[in-house]
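> Residues per chain are reported as follows:
There are 2 protein chains.
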Amino acid sequence: MEIPPVVIDRLPLYTRALASLEVQGREVISSQDLGTSLGVTPAQIRKDLSYFGRFGKQGRGYNVRKLLDELHRILGLDRQWRMALVGVGKLGRAILGYDGFRSQGFRIVEAFDVNPERVGRRVDNLTVRDATDLEPVLSKNPVDVGIVAVPAETAQDVIDVLIRCGVRAILNYAPIAARVPSGVYVKRIEPVLALQSMTYYLKNRPHAPIPTPRS
Amino acid sequence: MEIPPVVIDRLPLYTRALASLEVQGREVISSQDLGTSLGVTPAQIRKDLSYFGRFGKQGRGYNVRKLLDELHRILGLDRQWRMALVGVGKLGRAILGYDGFRSQGFRIVEAFDVNPERVGRRVDNLTVRDATDLEPVLSKNPVDVGIVAVPAETAQDVIDVLIRCGVRAILNYAPIAARVPSGVYVKRIEPVLALQSMTYYLKNRPHAPIPTPRS
DNA sequence: AAGTGTTTGTGCCCACAATTACAAACTGTT
DNA sequence: AACAGTTTGTAATTGTGGGCACAAACACTT
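These protein sequence lines are chains S and X, in that order.
Residues 0 to 214 in numbering that gives the first Met the number 0 are what the first sequence lists, from first letter to last.
Residues 0 to 214 in numbering that gives the first Met the number 0 are what the second sequence lists, from first letter to last.
In case anyone wonders, no lab produced these hints; they're calculated from the structure.
Please note: incorrect hints may appear among the correct ones.
Estimated spans, in silico, between C-beta atoms of each pair [said to hold, decoys possible]:
| no. | chain 1 | residue 1 | chain 2 | residue 2 | range |
| --- | --- | --- | --- | --- | --- |
| 1 | S | Ser19 | X | Gly38 | 31 to 37 Å |
| 2 | S | Asn203 | X | Pro41 | 28 to 34 Å |
| 3 | X | Arg204 | S | Val27 | 41 to 47 Å |
| 4 | S | Ser138 | X | Gly99 | 53 to 59 Å |
| 5 | X | Asn124 | S | Asn124 | 30 to 36 Å |
Think of the CB as a built atom: it goes at the ideal place given N, C-alpha and C, for glycine as much as any other residue.
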């Protein structure tokens with residue numbers, strides 16, 4: 000069956016909430032409670048999950064451990080994913096240093112840059128390779144995901160090369176609308192775009208008022 | 000009129016494309032050309048813009064300069080926005096060092112942290128203040144946007160304080176589903192969630208194949 | 001001046017996602 | 001064992017957003 004992408008986008012949210020519940024020792028949760036903690040309606044959660052099977056029990060709710068396992072399986076989070084980073088500037092180094100990826104099964108196994116001063120240096124247990132070696136290196140040692148952290152001007156070229164190397168998923172930090180063939184998945188990480196849409200709602204409001212007391 | 004949030008989310012995309020066209024010296028663009036460069040249908044662009052007025056000319060298209068000005072006005076990008084950063088760890092420092100904000104009119108004017116070792120230090124022309132001073136400082140000198148770059152455990156508390164200080168827009172880098180009252184706008188920046196939804200589409204595919212030749 | 005080609009703005013329709021509502025299944029209590 | 005209270009899964013309904021298609025307006029050529 001064809002599952003709506005919006006549904007897929009919500010599953011990681013559920014996964015994270017369930018993981019948190021599990022470490023808290025919670026064994027069972029209802030769609031009601033899960034929903035209110037996530038700001039999602041209970042019916043939405045039930046319907047989303049119903050695309051994949053029947054994981055709950057009437058009168059009780061969902062077994063946290065079991066549902067978490069199922070979601071991991073559904074999303075493919077029960078394995079390690081190999082990633083290659085392109086661009087080891089300020090942003091790239093921050094990405095390399097971020098440990099939120101590894102702890103969730105996403106490992107950066109290669110890092111590339113065009114700048115000769117950066118090539119060869121070791122950053123976070125990884126040797127920065129020359130970007131011109133991208134194709135030979137990734138052909139021999141394929142990765143699942145490419146992380147693009149280069150300036151806007153070269154981003155599309157980098158993405159083209161990654162796709163030639165068989166990369167089918169790209170995490171794009173560059174401020175461009177990447178053009179990719181169908182079958183390749185791109186997710187943008189763009190704080191500036193996020194800000195620029197929020198200002199629409201702020202612009203007609205009086206400025207920050209006096210904080211409300213006794214809250 | 001009530002404008003769908005998805006429409007608002009697309010406007011910054013148009014803005015960025017138009018800005019790029021303007022520096023290229025392009026004076027006029029059709030919804031057709033703008034659409035193909037962004038991966039959006041021309042009809043969608045026209046409909047989105049029609050929520051706000053009639054900016055185009057039949058037979059010609061849109062005047063790049065004029066449309067860009069209109070979008071800036073609509074989104075409130077014709078002014079400076081003041082932001083406060085909370086959390087000056089590895090991630091926070093990367094955010095402070097990022098110049099993509101300032102160039103678009105978003106200035107980080109305060110930075111806070113709880114760690115005594117970080118408080119008082121200067122990072123990128125800003126003195127890190129003690130997080131306990133958040134309320135007094137922001138009450139005297141309000142900001143428009145709060146950037147949350149603290150660990151998940153303390154993120155909700157930080158957000159609550161920011162809201163008490165009158166902050167109505169939050170850029171949240173912490174991996175939590177923030178609970179906020181209506182009238183407060185939150186945008187999540189979560190690379191891990193983006194990855195976790197892409198793996199769904201990757202998981203059933205054969206691994207990276209041999210690159211296609213002669214492309 | 002007429003004719004050809006473009007392009008906008010929008011009414012209309014369709015698809016799809018969110019919500020509602022309820023039967024069925026289970027728990028816990030009396 | 002009967003009953004009251006929960007909660008799931010889903011059929012049915014509602015709502016909303018995207019795309020189509022076309023009249024109207026303009027540009028450009030002959």
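> Hint by hint, work out which the structure violates, then give me just those numbers in ascending order.
3 and 4
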